[in-house]
Amino acid sequence: MSHADAVDKVLEIARRRGFFWPAYEPYGGSAGLFVFGDLGVRLREKIEGLWRETFVRPHDFVEIDGPELMPEQVLEASGHVANFKDPLAECLSCHRRFRADHLLGEAGIHVQEGTPPHEMEGRLNEGRVSCPECGHARWSVKPFLTMFQTSIGPYGEASGYLRPETAQNIFVEFKRIFEVSRGRMPLGVAQVGRGFRNEISPRQSLVRMREFHMAEVELFFDPERPGCQHFAYVAEEPLDLVTEGSIEAGREEVTRVSAREALAKGIIRTEWLAYFMALSKLFLVRLGVPEDRQRFREKVKGERAHYSAQTFDHEVLIEGYGWVEVAGHAYRTDYDLTSHMKKTGVDYSVSLQLDAPRRSTKVVWSLDARRVKERHPNSWRPILEAYGKIGEGGREGEPPTHLAGVKLDPSVVVVNRKEEVISSKKVVPHVVEPSFGLDRLTLACMVYAYSQVEDRVVMKIPRALAPLQVGVFPLVAKAEMVEKAKEVQLKLEAEGMDTLYDDSGTIGRRYARADEAGLPLAVTVDGQTLEKGTVTVRDRDTWKQVTVGLGELAQRLKEMLS
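Numbering (our numbering), first residue to last: 10 to 571.
Rather than coming from a laboratory, the hints here were simulated on the basis of the structure. Think of the CB as a built atom: it goes at the ideal place given N, C-alpha and C, for glycine as much as any other residue. Treat the hints loosely; a few may be bogus.
Each pair of labels, with its calculated beta carbon distance range [as the list claims (entries may be wrong)]:
#, residue 1, residue 2, range
1, G331, L101, 24 to 32 Å
2, R234, G406, 41 to 49 Å
3, G402, K151, 17 to 25 Å
4, D17, E128, 33 to 41 Å
5, K553, H111, 46 to 54 Å
6, D14, L101, 34 to 42 Å
7, P76, Y242, 30 to 38 Å
8, D548, E334, 29 to 37 Å
9, A395, H119, 55 to 63 Å
10, E233, D69, 18 to 26 Å
The calculated lysine to any residue pairs, modelled on SDA-like cross-linking and capped at a C-alpha distance of 20 Å, are [as the list claims (entries may be wrong)]:
#, residue 1, residue 2
11, K184, S360
12, K274, E245
13, K495, T545
14, K94, E81
15, K310, E257
16, K151, G236
17, K487, R519
18, K352, R234
19, K94, R219
20, K184, T342
21, K434, K274
22, K500, T515
23, K495, V436
24, K493, G560
25, K435, R193
26, K567, K487
27, K416, E383
28, K567, L509
29, K500, K434
Let the sequences and hints guide you as you build the complete structure.
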């Protein structure tokens with residue numbers, strides 16, 4: 010069986026065992042929309058929990074939960090209304106629509122992400138790309154806004170969008186978050202929630218969806234003090250990088266360097282970005298994705314989002330799908346805060362204490378109106394009018410030599426110099442963002458958990474992430490065994506374990522179902538349980554079975570799960 014077949018098998022298991030499946034199937038389905046069943050919800054939530062354990066709690070970051078609906082002004086300021094677009098190709102014969110770069114890629118014609126629509130239209134109309142529906146090869150290509158638009162209010166008086174990312178909630182609310190966080194800097198703000206993207210061509214199951222789950226951190230820091238206090242912990246972690254230079258040279262070669270080397274060589278621009286990338290690699294390993302199936306691909310200038318000074322996509326190799334982005338690591342500089350500051354007039358700069366106070370000379374100038382009239386009898390009126398239009402803030406610093414086109418007599422200018430002790434500074438923080446797609450992480454975890462033992466499928470999901478941890482099965486459906494098995498299940502639940510009770514079918518079939526659902530352990534209640542107080546514990550990965558007394562069962566299971 011090929012790796013591509015394995016992906017198909019995972020999708021079949023996901024549907025059959027209730028991890029996830031296409032939504033609205035009784036109505037013919039709707040592309041890009043999925044339902045997560047019980048096992049899928051549990052798995053995704055455990056991945057989300059591991060993400061918090063890795064990226065949020067150890068760093069004392071804060072977390073918010075903002076609205077999914079955003080006013081249009083917010084996304085105009087952020088640049089999404091103008092830039093969040095994909096190239097839409099329309100067949101001029103049957104008028105079916107597709108994503109232009111995908112059509113070209115499937116025809117073996119590589120185009121860089123961000124290539125202008127008119128260039129893609131030219132490539133499509135060279136005659137080498139036929140419409141998948143009707144076979145004709147005449148195309149038009151135009152930008153397509155991939156945000157879902159709606160009206161806010163009963164009269165449609167305000168236009169809005171479903172958010173394309175959770176980040177803008179954080180940027181708009183930054184001022185208040187900073188205040189309630191006691192003015193900490195660096196400041197990490199996390200958010201988990203849904204994002205929405207009106208994909209032209211949803212495909213590859215959970216890879217390209219119209220509604221998806223995101224887990225993001227916006228790390229705000231002083232650009233004059235860009236160091237990461239945690240970097241030493243990951244400095245020697247090797248990273249497989251596909252750099253911008255390699256891509257532009259047409260090679261896309263992987264360069265393996267440590268996080269420290271990547272910084273020293275200028276491949277990665279900030280310590281925080283390098284830190285999160287190394288942490289992201291280790292996080293994926295804990296999801297079951299081997300290091301040699303991960304890489305970080307740098308986006309070249311034309312591919313980067315409008316807000317980004319540098320971006321690396323964290324990609325996982327999924328056979329049948331190719332390299333799939335599961336996270337994006339972006340250096341957003343001060344783009345977002347500055348954009349919202351310009352749009353709203355709200356000051357998003359922050360006051361930060363200096364390491365040591367410094368002395369400064371403040372210069373404030375003014376004009377002596379009486380002397381202006383004496384020294385400039387023919388032009389004093391326009392001079393004083395021009396002076397009156399200059400606010401107090403504009404009178405700091407060295408005085409002008411001319412006003413209203415007139416060279417000022419030095420005697421009319423009064424200069425005051427005052428020594429000050431400066432203990433703080435104003436700065437607009439810069440931002441580094443690690444952003445994860447939880448649905449894609451769920452798929453990657455399942456793909457790498459998939460294995461076949463003899464004729465059985467075994468989902469070897471990492472034990473800490475298994476949707477259900479322990480199956481409890483009576484050997485046969487006799488009343489006393491069923492009663493005892495349910496008693497065992499309740500005790501294990503009370504010990505904090507996620508359990509499954511199953512008494513349907515043969516014990517072999519129950520083991521097989523448990524293996525497909527990813528349960529690491531199965532406890533079988535049999536005649537020895539009733540006679541001697543022992544149960545049989547079966548391991549999913551080895552199929553080995555051990556006998557354990559009921560008195561020590563919970564502790565032994567916890568050890569086997571750890």
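Evaluated hints:
In this structure, G331 and L101 meet the distance hint of 24 to 32 Å, their C-beta atoms being roughly 30 Å apart. Range check, R234 to G406: Cβ separation about 27 Å, and the 41 to 49 Å hint is violated. A beta carbon spacing of about 46 Å between G402 and K151 contradicts the range 17 to 25 Å that was offered as a hint. Distance hint for D17 and E128: a CB-CB separation of about 35 Å, consistent with the stated range 33 to 41 Å.
Between K553 and H111, the C-beta spacing of about 47 Å keeps the proposed range 46 to 54 Å intact. A C-beta distance of roughly 37 Å is found between D14 and L101, which places it inside the suggested range of 34 to 42 Å. Here the CB-CB span from P76 to Y242 is close to 35 Å, well matched to the stated 30 to 38 Å. Remark: the range hint 29 to 37 Å for D548 to E334 is upheld by a beta-carbon distance near 35 Å.
Range check, A395 to H119: about 60 Å between beta-carbon atoms, so the 55 to 63 Å window is met. Checked against the given bound of 18 to 26 Å, the beta carbons of E233 and D69, roughly 22 Å apart, stay inside it. Restraint check: the Cα-Cα separation between K184 and S360 comes to about 11 Å, which is no more than 20 Å; the hinted pair holds. With a C-alpha separation of about 14 Å, the suggested pairing of K274 with E245 holds against the 20 Å cut-off.
Distance check on the hinted pair: K495 and T545 sit about 15 Å apart at the alpha-carbon level, within 20 Å; holds. In summary, the hint linking K94 to E81 is supported, as the alpha carbons are separated by about 15 Å, within the 20 Å threshold. Between K310 and E257 the alpha-carbon distance is near 10 Å, which keeps this suggested pair within the 20 Å criterion. Distance check on the hinted pair: K151 and G236 sit about 43 Å apart at the alpha-carbon level, beyond 20 Å; violated.
Under the criterion of a C-alpha separation no larger than 20 Å, the hint pairing K487 with R519 is consistent with the structure, at around 16 Å. For a cut-off of 20 Å, the pair hint linking K352 to R234 is broken: about 27 Å separates their Cα positions. The suggested pairing of K94 with R219 holds, with an alpha-carbon distance near 14 Å, which does not exceed 20 Å. Restraint check for K184 and T342: the C-alpha separation of about 17 Å stays at or below 20 Å, so the hint holds.
Restraint check: the Cα-Cα separation between K434 and K274 comes to about 31 Å, which exceeds 20 Å; the hinted pair is violated. A C-alpha spacing of about 24 Å is found between K500 and T515, which places the hinted pair above 20 Å, so the restraint is violated. Among the hinted pairs, K495 with V436 is inconsistent with the structure: their alpha-carbon atoms are about 61 Å apart, more than 20 Å. This hinted pair checks out: K493 and G560 have alpha carbons roughly 14 Å apart, not beyond 20 Å.
For the suggested pair K435 and R193, the alpha carbons sit about 14 Å apart, so the restraint of at most 20 Å is met. Distance restraint check for K567 and K487: the Cα-Cα separation of roughly 28 Å exceeds the 20 Å cut-off, and the hinted pair is therefore not satisfied. Note on K416 and E383: the hinted pairing holds, with a Cα-Cα distance of about 14 Å set against a maximum of 20 Å. Annotation: proposed proximity of K567 to L509 holds, straight-line Cα distance about 16 Å (limit 20 Å).
Note on K500 and K434: the hinted pairing is violated, with a Cα-Cα distance of about 59 Å set against a maximum of 20 Å.
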